[in-house]
Amino acid sequence: MKKFPGSKGLVFNEDLLINQSSKGLSGISMPSNNLSGAHISKTAKDYIDAKFLRNEKSSPLLLPEVSESTAVRHFTRLSSWNICVDTAFYPLGSCTMKYNPKINETIASLNNIRNLHPMLPAGYIQPILKIIYEFNRLLCGLTGLDEFTFNPQAGAAGEFTGMKIIKKYFEVKNEKRNIVLIPDSSHGTNPASSYIAGFTPVEIKTFFADKPADIKNKSKGYIDINELKKYINKDVAAIMITNPNTFGLFEKNIREAAELMHKNGSLVYMDGANFNAFIGNCRVSDFGVDILHLNLHKTFSTPHGGGGPGSGPVGVKDFLKEFLPVPYISADRQAANKKQAANDEQGYYYELKNKREYSIGRISSFYGNFAVILRAYSYLLSLGRQNISKISEIAILNANYMKKKLKDTFIESDPFPEELCMHECVLNDNVFQSEGISTLDFAKSIIDYGFHPPTIYFPKNIHGAIMIEPTETESIKTMDSFIDAMKEIKKKGNKYGSKSPKNTKTGRVNEVLANKNPIFK
Amino acid sequence: MNSFRYIPASNEEIKKIYKFIGIKDKKELFYKIIGDISLIEEKELDFMPAQMDELSLYKYFSDINDKLRDSGSIPVFAGGGIYDHYVPSAVDAIMSRAEFYTPYTPYQPEVSQGTLMALFEFQSMLASILGMDAVNASMYDGAESLAEAVLMSLRIYRQNCQTDSDIGNNKKIKILVSKSVNPTYIEVVKTFIKDLGIVIEFTDIDSEKGYTDAAHLTEKLQENKNICAFIVQQPNYFGIIEDLEIIEKIVHSEKSDSSSKPHLIVCSSEPFSFGTIAPPGFYNADIFAGEGNSFGNYMNFGGPLLGLFAAKKEFIRQMPGRITGKSKDSKNQDAYLFILATREQHIRRQAATSNICTNNSLNALRAAVYLSLCSKEGFKEISLLNLKLSHILCEKLIDTGLFSLKYAGNFYNEFVLEINNKKMNKKMNASVFIDEMMKKGILAGISLEDDGNEVLIAVTEKTGIKDIDNYVKRAIEIFS
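Sequences listed follow chains A and B, in order. Our numbering puts the first residue of the first sequence at 15, with every later residue one more than the last. Our numbering puts the first residue of the second sequence at 110, with every later residue one more than the last.
Mixed in with the good hints, there may be bad ones.
[Claimed, not checked] Listed next, the stretches of chain A that the computed footprint assigns to chain B, with coverage defined by at least 3 CB atoms under 8 Å from CB atoms of chain B:
1. 44-54
2. 94-100
3. 239-246
4. 376-382
5. 442-454
6. 502-513
[Said to hold, decoys possible] Under the rule of at most 35 Å between Cα atoms (straight-line distance), these lysine-lysine pairs were calculated in the DSBU-like manner:
7. B:Lys136 with A:Lys418
8. A:Lys474 with B:Lys421
9. B:Lys437 with A:Lys474
10. A:Lys17 with A:Lys491
11. B:Lys136 with A:Lys335
12. A:Lys234 with B:Lys135
13. B:Lys370 with A:Lys65
14. B:Lys136 with A:Lys491
To be clear, the hints were calculated from the coordinates, so they are not data collected in a lab. Don't be surprised by glycine CBs; every beta carbon is placed ideally from N, CA and C.
Next comes chain B alone, as it looks inside the complex (with noise of 0.2 Å):
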């Protein structure tokens, strides 16, 4: 048996088609293609493993699959930009359907109906969950779509500084970031930025709430010209709710002292709190950009998560990304297409709103599917799950007197704490203490420093009273 089971030529038909095209074999393919550029030869190729069969293939993962049992399916109260929902089988069941995971962009509307449809509803789904009037059709991930909504911030106000005199084209731009957004969003902002002459600058915290201090960031506008954007995240990366509705009025106040309003940029990393909270809609947001994964998502070790990115109506055309819409058949029924396409590298090339192309489509879909099951109460009360166990949680942690709370601010369902070394027997940093905890079987968080006591939890529906009270024991136990 010489073929391979993905290979749909036996020998004698790879012989055909070599007689047809006039080609003796192999070699003489090559040569008339790529000329005298050696081959690989087959000794060459000795880095590359044998071949596996099926069953050696799954055993092998199965394995690996056995020994991250520690790992892989243990209480889970880390966040830090990605949290362990539940992902119900019937999400699994639609989602392992070809019909989805096969295709590829639905470049040809009538054959991909499937999957337009299923965008649409996504799109329309979060528009409502953010309050925001126009989502696309996904990102990569929060940072990449936050990196994304900066530089269409930035082309909006680029455009708005030709018609305005005021305001010198030759000014450095600068956008200002609140210290409460995640660290790693930052950086890749910061990577997206960097050879576009932008300057970032950004606004202090509030040390005792935790969250953006409104005092300086009115000093921030009030002294910067040329801001095109203020980013803010909510629940911000300490788990903390900004109080957005203070920070949209100073955002888009009048005295800003530019004739160009700065965008209202909000991002989230958690949406699933705007089943409890007011979503950045709600607070005129300009541009919202965060991850979506909490919907039906798993965690996958970081990867593919998914992006979400939502604007107001008025900038739709400097969307970055794929827009589903919905338009009319030749037999005059509903159809769904991607519209507005002259925004995208595909026609554009350079001149393209973003280089996005392939974005994360099936992630959206598995979104689409959760919120669908979901329904409008049951996402609200899965919302409300997570606020309460995450404060049943940090209520008994602190209560124990190990830790103490960080920021007096109100939190959604992530939190921090402090480790109490100074009236303990036994000193421990956050990363001693979480290692700890992973020997007892559970992730016990994040640490926000190296050698820092600062430990950042988060709590989904998915860890019940169960597993919080055996964190506080284990805790207890660890220190003892």
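Excised from the complex, chain A in its bound form (with noise of 0.2 Å):
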């Protein structure tokens, strides 16, 4: 019998947090201030004008009245239903769901770095302005594009941003170009981010069948040339290509896509968000990639939050520049001997500036993402120039070492089974379907195990996908506890499947029952 991390162990029942209130406990400590006796009796009425005054009656607030400790306990018992990277291998397809080092955390809690106020003067902010110009130089080198916007919050943010850019630079040339060439195997924030930037997303099909016999003819799994030059024409401003692809897959072609692009005029966006497959090997500039953006919750290591924060930074070719959003920061020589402010082992001074001539403009509050931006940097500095190349060369191998393991059960259900994929593999339901299995009903089976499923449904194109990530920071004996356990749940079949997860508090969710009638509050 083996033995899989998943097991069965106390839960706690927790109501939620207003339930337990009682009338007068908190669990704040009220600053005295020392303020004195004239202040302390007066109220909002002496100072504004009643009309504005909030009540009671009219709107109500409904906020706990509990104590501190009940508060942590409320909260610590959710933390322990949720499953996460620390506590369980979540090889979620396309997520890059790889380890976040402890000590960028730590980094992040510094306490004169987190209270900064964004709008400091630049003198006293120099160590910061210079981490965000030193990280850029460094995605700089590892891309081989030429200059970063931290602005965007996310992928989503980056890619609009993105969108926005070559939108700017077609007006500036003062040529109408509508249409973002989009292949099937995208994103779905792909079309969403382009369409809300102002184009029109157009889709190129990528994959035709997935049904083994009908590959070897039609499907690639990749972008096809001949497929691609019927859409080019001169309404279209930029391809979008995800890079690996959602199938796991090396777009093979982009070469010559951009080559045609740029032929026609068009620009090149790549969809970084699987840069892990990348990263320390091989510069998007030698694809011919234009713009391009990263997650640095992914291939970056920091936390994705359960949802978010995330950040996603975009980065041009030079001939950009000019178009990237502001504020930016500039470093300078002049100025540093100007402001007599060589605390720079360079001597630069480093500034916020808010104009660039061709510039998309503001995206966000303030600068981006900080505090994610310095975890990211903090991950680089770690790796340096001795292991960085080691990460994306295990995520590949542990990615092909899952594919190539799951064949002897599976390979009815790999749609590209010559191919050797990069950073994630995908299967189609072929095999689980044949007993009955439907891939929900896999995903959640395997949670009882001790895993966290793979995306699911995704990418669309794949018939009841299952895509895995297994990232650089699992183990052999990891993956191979995964692969068993998928190979178990085939064997015990649909009876097994269809009422999973059974080990968790939390049983199957109704999710008609929620949209039908929504309960937000």
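Each of the two chains sits in its own frame; use the hints to bring them together as a complex.
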């Protein structure tokens, strides 16, 4: 009998905190502030017109009334209902759920750093501006691009920024181009971002069938140059390519596609959410990419926070620098001389600038998610030039290890049996279906074995898709255990699957009910 | 020792994997995948610094932290969209739990009930603070949230237009914005709407009182057709409390000469104010968008922050972002999950209500923990404390004769002072004043304009009477 990490154990019930209230309790320590007697007795009416005041009857304030200890226990119990990277293998495809180094958290919690107001005079934040500047240089080196902006707060914001840059670029060139070509294997955010930026997204087919028998003739899993040519015309502003794509495959024709686009006067945008497959080994500039976004909360090890915050820096080639959003950081030796602020060993004085010739403008309240950038910078310094190339190499090795190891049982589910994958591998539901197990049942079943499910039903053109991304921070033992669990689920058949998960506190959640009659507070 | 501590694969195991997948080495691996595209060679990685051991790394950043003593641990009287509130230790303790900070977006509710229930509580608490029906599970920051509010209003407006022949679809749709809205927010809105064929127009502020000029608003609404929304900030950028009762009547009035009434979009960057003043929902706001960083979050040099988004119930299917809902599980227990996902990009692609995917969930959780600690009365008390302290500082500064109050309207915890240069021997503008105050260890405010005389000053519960008295004393020193 194999031993899996999943087990049963005592779990706590916990009600909503508001239901635990006792009138008059509070968990906050009120600062005394040394207010004098006269001020203590004053009420809001003494300062502002009574007509503005909040009225408890018409606007009841529904906050819990509990002690600090009750609140702490409440949220600690809640936390025990989550599976997370630190407790379990989390092979969520296209999400790069790698280990989040603890030193990065320590650094981001340093008190003076986290308490910085963003509008401090530049002379007082030189080390912070320097971190952002240096990290910019590192990302340029790793991608072969010439400058990054850190203002986008997550991947989708990065895509939006990139699309706006493309819009502005053609506006300045006085060309009307409204179409962005997007392969059907792209992330859902790609068409949404280009649409919101004012483009018409046009889908290119890259995958025509997922039955192994048809594959040889029709499907490749990446952009077909002849197919692409049909879409190219003078209305095309850009192509938006996720590379490696959501089949986990390298876009083999990306250079040729980029050449075609450039010949047509169009630009090449790369969704770099899956940059973990390249870091330290490939530069996107060698693929012909003009604009790229990265996800620091994926490749660069910053935690996902149960849905954010992330950071989605956008990098561009030289000719697009002036289109980047503001504010940005400039480093100037002369300014350093003038201000006599030579505390930087390179003699730079860093400043936040608000003007750029063709800038798309502002996209965030301040300068993006600095605390996320800080963690990512710390990650790169930990790795250094000695280890950086190991990341993508081992991420690819691990994904291919799983892909091959699954073959004896799941070969009929592999849409690309001949290909090496990159950072993740994708299966369809052929094998599970033959046992009457749906992809959803499989996903819920594997929870009982002590694993987070892979990404499911995505990409959409793979039937019942199961997308597995182990990342470089998982061991052979863990991957083997997961594969054994998959095989056992298949063996057990649908009787087990449809009732799972069984070991979790909460059983399968009724989605239909929730959407029919939404309760959201 | 050739291994790296984040990678649990020994050299032997790596060799084993290569052998298992039938590949010789890294070169062959990449060649088989990317073909003849050149790989980065070792010497080309010279731009990367050498690896740092954990101790060196800690010392490196710890040194930086020390250097920032004079900017990161001083009394902060600057606001302008982000406020320096105290974060209780219990918030940090809870939020340092990996169960909260290391999972992904809760796509699998059965193993994410902790995050989901906390987000549900976040939505519930915020809904009551704002007086709004529905709150989502967070946006990035106040500015982006407001831009999304505009896009949402536009969507609803266009849908209404399709069924209403009176309004020509070909006519330009406009949004109307009060000049008292944070200029950064306006910049971001402009970026978002730039290529969508929408025109932005502004309503003046009452130059004496500092709030939206109601007469000008009425005029603007009468002379323009096709206005989808009016945006106002509460309290506004200058800290002044807007009279939302009057504004709402004008915006939602039948006379606004449009069969499709404009939406009232209220934004805010200091929702702590709603512990004292009436919330946007009380005034029948259609959409609320704002900044929630004040609740349990650090300033983090401007990010990550907490975008708040709320709307009337009837618009819930047009809202951007994730919405947490309550349902039942197979054992008939209460269970939480993301609902109405068909609005979202991963299902609807370009037809989605927004492109947002990752949001600022962890910041929302921080807010949930913070507000849970506050309790109903505590929240009101802190809110009131902010109001009191700001009025105390304002009064004391005016008493020095060095400053005068720019706007006469009621303010919450932020206000604008003008430097009385005429009366003084030493002429100085706002930026110079702020620089001089920095030298004395106080972040005194924000200069409203380059070379201008106006300082925007904010006060929170974190600065006590001592800090306030010190501010006044130092200001006098600077001018004498």
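Tested hints:
no.	hint	result
1	44-54	holds (count 8)
2	94-100	holds (count 7)
3	239-246	violated (count 0)
4	376-382	holds (count 7)
5	442-454	violated (count 0)
6	502-513	violated (count 1)
7	B:Lys136 with A:Lys418	holds, 19 Å
8	A:Lys474 with B:Lys421	holds, 33 Å
9	B:Lys437 with A:Lys474	holds, 28 Å
10	A:Lys17 with A:Lys491	holds, 12 Å
11	B:Lys136 with A:Lys335	holds, 34 Å
12	A:Lys234 with B:Lys135	holds, 24 Å
13	B:Lys370 with A:Lys65	holds, 26 Å
14	B:Lys136 with A:Lys491	holds, 26 Å
Violated hints, listed in ascending order, are 3, 5 and 6; each of the other numbered hints is respected by the structure.
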